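From first to last, the protein sequence lines are chains A and B. Letter by letter, the first sequence follows residues 1 to 382 of our numbering. Letter by letter, the second sequence follows residues 383 to 633 of our numbering.
Treat the hints as calculated values from the structure; they're not laboratory data. Keep in mind that a hint or two might mislead.
Facing chain B, a subset of chain A residues (Cβ under 8 Å, in silico) [unchecked claim]:
#, residue
1, Ala-21
2, Gly-102
3, Pro-108
Bear in mind that the values here come from a model prediction, so they are computed numbers and not experimental data. Think of the CB as a built atom: it goes at the ideal place given N, C-alpha and C, for glycine as much as any other residue.
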Amino acid sequence: MSPASDSNSTPNLVIRAQGMAARNIVARFLERPALAGLLGLMSVLTLGITVFLIHTLLKTHALEISDALSRWPLLIWIALGFLCFSMHLTSARRAHTAAREGWMAALPQMPKAMMTWRRVQAVTIALLQSVSLIGALLIVEFATRSSTPHWGLHLFLAAAIPMVSALSSGWLARPALSGSRPHRSEFRSGKPSADAGGSVPRAWQWASYRGKRWDREARWSLAIPFVLVPVGASPLLVAVIVVIGAMLVQWQRLWSASLQVIHQASALIRAVPHQPWQFIRQLLPLVLLTGTALPAAILVLLLVLGLQPVAALLVGLALWAALMLHAACVFAWRLEPAWVTLRSSCLLVAWIILSQALIWIAPVFWLAAMNALIRRSLKIDR
Amino acid sequence: MNMPLSLEYVSVEFGGRSILEPINLSLAPKTIATLVGPNGSGKSTLLSTIAGVTPTATGRVQIDGYEVSNDPIEARKRLGFMVAQEKLPALLTPQQCLQLFSEARGLSGIPESTQQQARDLGLTRWMGTGLDRCSLGTRQKVAVLLALIGNPRLILLDEPMNGLDPVCAVALKQWLSDLRLTHGCSILMATHDLAVVSTLSDHVLVLLDGRLSIDWGPQRLAALRNDRDVDMETHIVRALSSENTDPEADP
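One chain only, chain B, in its complex shape (with noise of 0.2 Å):
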């Protein structure tokens, strides 16, 4: 069975100046990985090369066994990206930007899960209002549930929980759980919010400066957590401020 996602030795360079240092990354079938990192380490900019949006200096990027940059189609129909909100376009509706993502999807209709995602976020009363007269937080919805259409393989997510509200933030934990289990779907997500990272994910990614700085599989994960002296949330701070280079390393 092909893996989710594949990373082989990823980099990204602007104008010279390299902005990811060579990654190698898989995710496992079935699993919720979380990226963490200060502002301005990369997160953004590898969801964005993964998803084929950003070009890759070196390396290659594959989803489901597929290669972005040689079989875009192919890898994109497995791939579910939450776009920024702030391009999200200002004149169509919630309602149409699902139906336009569903059917892209190939599906005909918006899917009845996609719209009771929107009922557990509290979408529904904005499903018909331009989005330029929404606020941040239903934006931050629509963004979100664009990603979710179609259950893909594999799902990536930009700081998702920004600007939500405490139950629709538990709603979508709920659905991401749910994603995973019952669809099988693989989850990245780019977060700065620990106790999503400590409570939500089986993979943790710690990226520094560019560089992938700490990668705890599940295994090593569920040792983090049978810690009693420190706590989850702990160990990824103390990975935050560390130096570390290797990123199998114990914290």
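Okay, chain A solo, but in the shape it has when bound (with noise of 0.2 Å):
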């Protein structure tokens, strides 16, 4: 018996890994090469469509955003910082979880290579954020004519400040408690709340949701809000968009926790023998209700400010089919999470492109998929 060799003479095992990791994702699509093209031109559309929508955003606002870049600088550049802290911010969260509680958490080069994997990650991240705002730096300014005053101060701005985000997100990411304290509301989380009522299934979405709806990552959203209060607006416009941002920050919280239970329970009861409509039929109230209840909301707000009643009911009616659409994903898939937000993410893009092209076409597309998609939930467990 001899102790481990030297940890620094050992490759970076949480790179290894990932790279591991990331080559047997790989594997598993070529496996099944039909899908893996669809997702692939499905991934190459979406970001095809980003880039397109971006560029054009920029064009058309150029000069806006040149004058505002001009008359709010540091305004403006805190708000970005501020964006490409919150990115980073969640990987390194993640990332010292990993080390102090994962798999490898009791190996000799933990948390060093953890550590070491996370500056990686976190330079990946703050590079793609630089080039991302270097390019939209330079539409703006090609769209302008050379117009922007200090153009290379917001240069510089633009690739140093996702750098600064990368370094403070990870001396404040660390944590200041003891690695495996449960969180307070982890603690509520275990006790249904009396107002749950119904089946156990649905006390649990509520339970799951209490204790997620204030959680670190709910406090920190609410920041966004902040950010997107226009400049010289009034108290009472100030107060109106923090509420309806807490509120959006709950509704999120709620749709979550309600769909994460059903992987949850579907994983519990798997080896039981149940019927799976009495199962969907005790999880579906909550997610119809939280699916509805947004569009709804969207629908009012969009009548109060004016919009014509046609247009507002068919952006509710597109919002509510969308959220359905991910919600029959996740019953249709409940025993493979893992592969959930992908599949959703693609049946939705492929909706919206055939929206913008055809758009008679998308009612079709939409009930054609949820049929499919129901049966599927249905001939789960049998």
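Hints are included, so try docking the two chains, each in its own frame, into the full complex.
Here it is in structure tokens:
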């Protein structure tokens, strides 16, 4: 018996593990060439559409952006810095948690190996952010024919701020408390609320929501509405925006909790004989309620803002249809949670593209997709 | 010679609430110790505290003379810790997990002994399958093998027999005995399996409500085994249901 050799002589285990996992994902895709091709096509299309939309937006509003940059440079760069920082923070926290509690936590190479991987990841994300910001600045600059003052300084900030965010997120994400201490709300999540009522799965959905409604991620998300407040807005407008933002955050927590429980509950009762329809029936009400509440609220808001009723109704309906499609995907692939987001995104992108190109096909496609997903949901476990 | 494991006044708290009351404990070389206690008594917390995954509120943990909080790298080089099977990476295969842990132990490839263990545990046909497609029992076997790689001086196992079929459970017990005798490993194992406690272990620890209620060393255990009136399992059940506060007390 000999103790393990010097930990410095071994390659970084986390990077090796990430590489292996990436290769395995590729291998799995290659096992199903048709699905891989479709997903690849969808990814390229999504990327292309996103770049095109951003490019068009920047070109259309280049003068306003240039004007804003010259009038409130400090405010804009602080907001952008905050945005970059928040993108780093989640991955930094995940890395810290994995280093403390993950499957390799007790190895001699930890937490150093995880921190090295985290630095690689942070620099990559920061580079992507810098490239995006510099690209956006170039588009604005060409569109306005070099009218932005202090152009060089802006370019410098576009390169530097993501890097500073990457560094600071690593420090700020470090846990202040003991590694395995359950978060206070996790204790709360174990108690279904008295107002939950109904079945156990429904109580579970509520309990899951109550456990995460004001967790760290939700609290950080609350900062986003403040960033969106226009300069010079009245206190009333600020209050309205912040309240709407908080409601949106809570809606997102409830929606994700109600869908997450579908995976957890199906894994729990997988080995027990049960009727899929009974299972779905118990989890569906909260999903339907949450998925309808947001489109209804947006419909009302649009009507209040003076949009034509038909247009407002169309927006509300489209949002409702998209949310239902996503929920149906979760039910249909409830035993494969790792792939649901990807599959659901592909389906949604395909539906949106079809809606843009051939609007009359969109309802037919939606009905066909829903039919297929519902049939699949009812076939699982049989 | 350093003790493979030594705990001095080790306690754990979460949010001001005591999870483990101060524990003093040492494990002799070539020992198989079993940690018994009801659900929620703190067995897994004690194991993760020894591994340095859960921080201590007071006291110090030493593995082979190296203090876990001050010298974690040296301490962990001498430690094999069984990770909870649900924490294993879904997208990796058992082969890849074993390969990574072998590298972490400074080995160029998966050692022959681990490959033999995998064969004995019936893991061979699943070696190339993603862990998310493996059964609970298969993942449990992987978690156990990861702790045994490189024959570390101290091995911590958290309910290793869970989910194993009888043939594999017997094979694992044989491997644990072999690791102790041939490689000089010491093993601390949390378990609910009283047969394992009575036949395999030579040091029994009973944890009740975060308190080390019973600490029977080899001599005390030998005396209990010689008791013709009461079998070993009954002694343990009595210990588990007692409110005894003296770790050295007779059952």
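Hints versus structure:
1. Ala-21: holds, 4 Å
2. Gly-102: holds, 6 Å
3. Pro-108: Where the cut-off is 8 Å and the nearest Cβ of chain B is about 4 Å from Pro-108/A, the hint holds.
This entry satisfies every hint, going by the numbered hints stated previously.
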